[in-house]
Amino acid sequence: MVERRRLIQAVNDALFEEMERDPKVVVYGEDVELSITGDMRGLHEHFGHDRIRNTPICEATLTGMAVGLASAGYHVVVHMMFSNFFYTGMDAIGNQMAKLRLMTGGQVELPITIIAGYGGGSANAAQHSDSAYPVLMNLGGLNVLTPSTPADAKGLLKTAIRGRNPSFFLEASGRGGEVGDVPDGEHLVPFGRAAVRREGGDATVLAIGRMVKPALAAADALAEQGVGVEVIDPRTLVPFDEASLLASVEKTGHLVVVDEARECCGAASQIAAIVAEKAFHALAGPIRRITTPNVAMPYAPNAERHVIPGEERIVAAVLSLVGRAHRATA
Amino acid sequence: MVERRRLIQAVNDALFEEMERDPKVVVYGEDVELSITGDMRGLHEHFGHDRIRNTPICEATLTGMAVGLASAGYHVVVHMMFSNFFYTGMDAIGNQMAKLRLMTGGQVELPITIIAGYGGGSANAAQHSDSAYPVLMNLGGLNVLTPSTPADAKGLLKTAIRGRNPSFFLEASGRGGEVGDVPDGEHLVPFGRAAVRREGGDATVLAIGRMVKPALAAADALAEQGVGVEVIDPRTLVPFDEASLLASVEKTGHLVVVDEARECCGAASQIAAIVAEKAFHALAGPIRRITTPNVAMPYAPNAERHVIPGEERIVAAVLSLVGRAHRATA
Amino acid sequence: MATTVIDRRTEQAGLRSGPSPAELLELYERMLLVRRVEERLRDDSAAGKLPGAVHLYIGEEAVAVGVCAHLGDRDYVTSTHRGHGHFLAKGGDVRAMMAEIWAKEEGICRGMGGSMHVADVSKGILGANGIVGAGLAIAAGAAFGTKLDGDGKVTACFFGDGASNQGVLMETLNLSTLWELPLVFVCENNTFSEFTPSREVTAGRIADRARAFGMPTAEVDGNDVTAVWQAAAGAVARARSGGGPSFIEAHTYRIQGHFEAEAFVLSGGRYREDAEIAAWTQEDKDPVLRCRATLLASGAADVLHAIEARVLAQVDDAVRFAEAGTPADPALAESLMFVRDEG
Amino acid sequence: MATTVIDRRTEQAGLRSGPSPAELLELYERMLLVRRVEERLRDDSAAGKLPGAVHLYIGEEAVAVGVCAHLGDRDYVTSTHRGHGHFLAKGGDVRAMMAEIWAKEEGICRGMGGSMHVADVSKGILGANGIVGAGLAIAAGAAFGTKLDGDGKVTACFFGDGASNQGVLMETLNLSTLWELPLVFVCENNTFSEFTPSREVTAGRIADRARAFGMPTAEVDGNDVTAVWQAAAGAVARARSGGGPSFIEAHTYRIQGHFEAEAFVLSGGRYREDAEIAAWTQEDKDPVLRCRATLLASGAADVLHAIEARVLAQVDDAVRFAEAGTPADPALAESLMFVRDEG
Ligand SMILES: Cc1ncc(C[n+]2csc(CCOP(=O)(O)OP(=O)(O)O)c2C)c(N)n1
Ligand SMILES: Cc1ncc(C[n+]2csc(CCOP(=O)(O)OP(=O)(O)O)c2C)c(N)n1
Ligand SMILES: [Mg+2]
Ligand SMILES: [Mg+2]
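First to last, the sequence lines map onto chains A, B, C and D. All residue numbers for the first sequence refer to the working numbering, where the first residue is 1 and numbers rise by one. All residue numbers for the second sequence refer to the working numbering, where the first residue is 1001 and numbers rise by one. All residue numbers for the third sequence refer to the working numbering, where the first residue is 2001 and numbers rise by one. All residue numbers for the fourth sequence refer to the working numbering, where the first residue is 3001 and numbers rise by one.
Read the hints as simulated data drawn from the structure, not as lab findings. None of the values given here were measured: they were computed from a predicted structure. Don't take each hint at face value.
Unchecked claim - Distance ranges between label pairs, derived from CB positions:
| hint | chain 1 | residue 1 | chain 2 | residue 2 | range |
| --- | --- | --- | --- | --- | --- |
| 1 | A | Arg305 | C | Ala2022 | 42 to 52 Å |
| 2 | C | Ala2263 | A | Val196 | 39 to 49 Å |
| 3 | A | Phe16 | C | Ala2263 | 19 to 29 Å |
| 4 | C | Ala2022 | B | Gly1106 | 34 to 44 Å |
| 5 | C | Thr2326 | A | Pro23 | 53 to 63 Å |
| 6 | D | Arg3199 | B | Arg1021 | 28 to 38 Å |
| 7 | D | Glu3334 | A | Gly201 | 35 to 45 Å |
| 8 | B | His1046 | C | Arg2074 | 26 to 36 Å |
| 9 | C | Arg2340 | D | Lys3049 | 45 to 55 Å |
| 10 | B | Gly1106 | A | Arg305 | 15 to 25 Å |
| 11 | C | Ala2293 | D | Arg3199 | 45 to 55 Å |
Note that beta-carbon positions come from the ideal geometry of N, C-alpha and C, so glycine has one too.
Make the full structure from the sequences, and use the hints.
Below, the structure is given as structure tokens:
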């Protein structure tokens, strides 16, 4: 059985279920009680001040506290609003969460889930629009989750909260209203397993998070031109499902990676590098990255649209690879 | 005319010369007056408390202050000791330095030079051994400099201090004693121009910062086996000299990227992705990344050696590409 | 806030007793400009004409205006996400700000920054800032620069009660005390951090955090422009003459929501009473009405009418200018990231 | 430090007047253990036997020992880069610590952490930390956890005068006050941040930063183990009984260099006088000698000999254990990064 849920409801459901299941799950963050993004709505009334709590504005302490609270046996959920605020709380992310398990010789487990919105498209300007996950991916010890559907949002968040490692759960800003089917009852999504969102034989398009939607639209458009596109949604960037991607590239011979994060050392770079190393002989052409260029997000909506990847850029990239560009766009 | 200088002296020379040249150059940081790494030695005696100054331990403010001081017309040099401490001062790096010029519509210039050591190999353990530049590279608005010789250290640092953008000048920890020729007099090295450290026709090895040395050693070893390796030192990662690299790969058909930073979304990923996109048709085989795996740096020296790239791994990677592995290593 | 507490040291700084009648009129006009601009932004935001979020300063105008009255173009300010008031009080151009919020090429940041990032560096306005607390360290850096310049420039740093819980406050209190920076900390305590009442997230008195460093500190009624003006006079004079940093905590109240889509995102969630808001809009509290009443009592009715008309005309003109502007140039996103000069 | 200042609130916390004679002997033995272990580390580091940098606590032993005397295995501590003393005072195993510093598989962190990261979570030692100030927030988190557990566990957070300038101090003072966390802040003011004298980088009195939050605060002679013990007794009792956080500033002195390669890296650079160091090694200042003198005066000479012998044997045994250990397993670097369990 499935149920239609908005993405933000699915997140909210996951939190309710996990807090209900395990009294050791504790949530805190700035303004989580009134929940301005909606993902935390109702939790305070239901679970009370010990389980979910507003904090002062002090990201350095919020991330550091998560380490101590997790070390003391709790499963910690921290809401950080926008992924730009990771930088404000970066010390404990980069120097503690990502390293402490190794540094202690495996003595600590850090079941920490950090939730934050990411990405542009809402004229929030540079300081509220970063897709800050490549930074996390380079730090070594952090899981990075980029759900694109309500079902995955719910299932990945539940897995994260139950897990025993630090995980960053990234919500595409402004996409909370999107609706999808969510399986009834206990729904968990494992880390490191990509979803093939659409099958196709001519090119593989790997799209991350909010980029899955324009990738699917591009695949539709390309199908009309006779180009079969396989759309892969990795769902988690760390751990990353190499096998599914490599299998798809073995089949199609072409790869386009679509990512809203900046190009330089972005997730798309990492994925392109993996394929250039491990599926080189299957490649029939260059690997294209469709990303936001190396810029801060501009405020003006037309400028935002100019830099954020969209359907047309994906279509053009695929066509440039499959060699039908002229015929198809003529 | 050239002079033999230790790397750390070359850095010190650059600071002396630029502070002498421009009274608007100001230096601060924790313990810069006594200069424990040696790069700042003598500056305090010579230029006094207004030009170089010890600060309290407060990285968030140190990086933020740089933005204000630069906005007020100064060329700011901040010493941050170890690149791990970038995380502690990350907010102003990620949310201000990297973005403010765009956000103000180009009103501000931020001539800021941040100096820090990076990398492992000294049993400093995880919190003092990160090669934290991939994080910077993803932020969009920051120059990233990784000199590998005394001459480049001097020339790049001088260019950075005179420049009008934020630049991160990264010193390989524990390598300050290495000696090299430095041209006499005014010596500037432009950003975005790679150096070909050794020519060769069979494979291109791009090596970053402290990895240039093992790459050259590997090239020597491979030469004995009849394999000609071209060693490229990009010198600056942002801006990056794509043209030189692509030209080399066009010639050799093979690329190995050697980087001490972690593999995931590291500099090597970015460089591999560029080549997989722009020189695909020149490639005769997969692109190999030789990096530190996605781990925190362990303390034990044997474990450090296990994870940090070295000559053998480079040799093996090149041999795996040029197809002489069995013959050569037999 | 009925009481005005000023530390002894501030009193000793040799203040004039308050603004002159002419100065008070100027303060009033500046406050009214901020108010009318933001009422227009409120309406245009509700009408869906503005792209991003707008955080309004309505009810807090006396703070920015009272402080900036003592600053010239060569002095610096750093501001917050709620920065229109600081921008206008420091002499920023209304048209250029309005065009910015409308995402136009004519905007002060060419449409790249928007409401949360209005800056005019030529006027010493180093920028509104979307990162809570970030302005504190930037201000310390600017103040360090002016200290090195040695020509008496002053930096004022505006920040909220919420920002006061960011560690960077303590760091900059420490450093500016040690380095005797010409810096005026201005805490706008409007009783809320977004939707959280300050008292739930703020222990002790904020001003005590500065007192712990021995910094001259004043707590003032932030809705009384004269009280703010007076405290700032002392603090700015002290900074200008090399006396180092001072701290002003201005008690005020945010009349609008945290931002203009608040009702929508909270979908019924409540964190304050309507009656509380209403009380702060009365003539005994609202800083614009209060100042107006004082001026009326001194017989300035005609002048007030002229001011009102002038301000409204200015706002209309600015909106027309913004509306008629050219859409921002998308290519700027790439061309403006670096000054391309090195090497 | 001749004077001991204790706030009135601390006095009221109903302390015993000091440790019993038997307890004082235990405190002495623990201090001596820290001292002798570190003397051995000093020598072995100079001899090039230890891989990384070692930061020694010599001269500051009374702080860790006086505080940890009130803590059990289920209580938590967070520590600093100078963490051997905290580790041993909190009951960490000497052999396991020594083997860690020798980079051996038998090390408490299996050779992955080293001197700067000694941790024994089973003993509540959440770890030495190479990031100055990081322990403050971690301690607040642990204290929040124990508050939720509601079973009277206490967290003590050790940090330096240098760390006191990190904003995270103010953030955790604020949050722990609001949330009434069972947390004891222990500032070890040893007058230096690396090679910078504290007064050059630290404005005001550090304890005043806590007083600004209304936190019970004590300034004590950190070289007098009884004074530390007493202040900690009050603070720990308060935390245990739900009375919230307290702050102790212990005035002490770092006798060794910032780290053991100091003379080498400074190559002649000086930041303090030899005479100053020498003064702190005298019987009226050095915490171990001072305690010893007190015990001698009370006629415990024989016991002291036995203790000295026992401690030296323990150190020898630990070094032998470490030296004979297996080199760390390099593969751990990869296998320990994650608990591989999800999905
Ligand atoms: C570093 C950071 N954390 C969180 C936010 C989200 N945020 C925006 S405004 C705000 C509240 C600020 O409160 P205060 O400083 O009192 O300013 P006010 O809005 O009341 O003017 C918060 C939490 C942010 N912008 N930056
Ligand atoms: C975030 C950070 N900044 C800088 C350093 C470098 N550093 C190591 S110890 C130290 C001084 C610490 O002084 P204090 O807190 O007084 O401790 P003490 O060494 O005196 O025990 C500094 C600056 C660091 N380890 N971490
Ligand atoms: Mg507020
Ligand atoms: Mg110290």
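| request: Could you check the hint for me, namely that C:Ala2022 and B:Gly1106 are 34 to 44 Å apart, CB to CB? | output: Given a distance of about 38 Å, which is inside 34 to 44 Å, the answer is holds.
Does 19 to 29 Å hold as the CB distance between A:Phe16 and C:Ala2263, or does it fail? holds, 25 Å
Does the beta carbon distance between C:Arg2340 and D:Lys3049 stay inside 45 to 55 Å, or does it fall outside? Holds, at about 52 Å.
Original post:
Quick one: are C:Ala2293 and D:Arg3199 within 45 to 55 Å, going by C-beta?
Top reply: holds, 51 Å
Range hint compliance [Cβ, B:His1046 to C:Arg2074, 26 to 36 Å]
holds, 31 Å
Should the hint that A:Arg305 and C:Ala2022 are 42 to 52 Å apart at their CB atoms be regarded as holding? Once the Cβ atoms are compared, 50 Å apart, the range 42 to 52 Å for C:Ala2022 and A:Arg305 holds.
key: Supplied distance hint 39 to 49 Å, evaluated on CB atoms of C:Ala2263 and A:Val196   = holds, 42 Å
* Asked: Does the Cβ-Cβ separation between B:Gly1106 and A:Arg305 fall within 15 to 25 Å?
  -> holds, 21 Å
- Distance restraint hint 35 to 45 Å, applied to the beta-carbon atoms of D:Glu3334 and A:Gly201: Check passed, 36 Å falls within 35 to 45 Å.
Checklist entry - Range hint 28 to 38 Å: satisfied by the CB atoms of D:Arg3199 and B:Arg1021? => result Hint holds: Cβ distance 34 Å, inside 28 to 38 Å.
*If you check the beta carbons of C:Thr2326 and A:Pro23, does the distance land in 53 to 63 Å?*
holds, 58 Å
No hint from the list above goes unmet by this structure.
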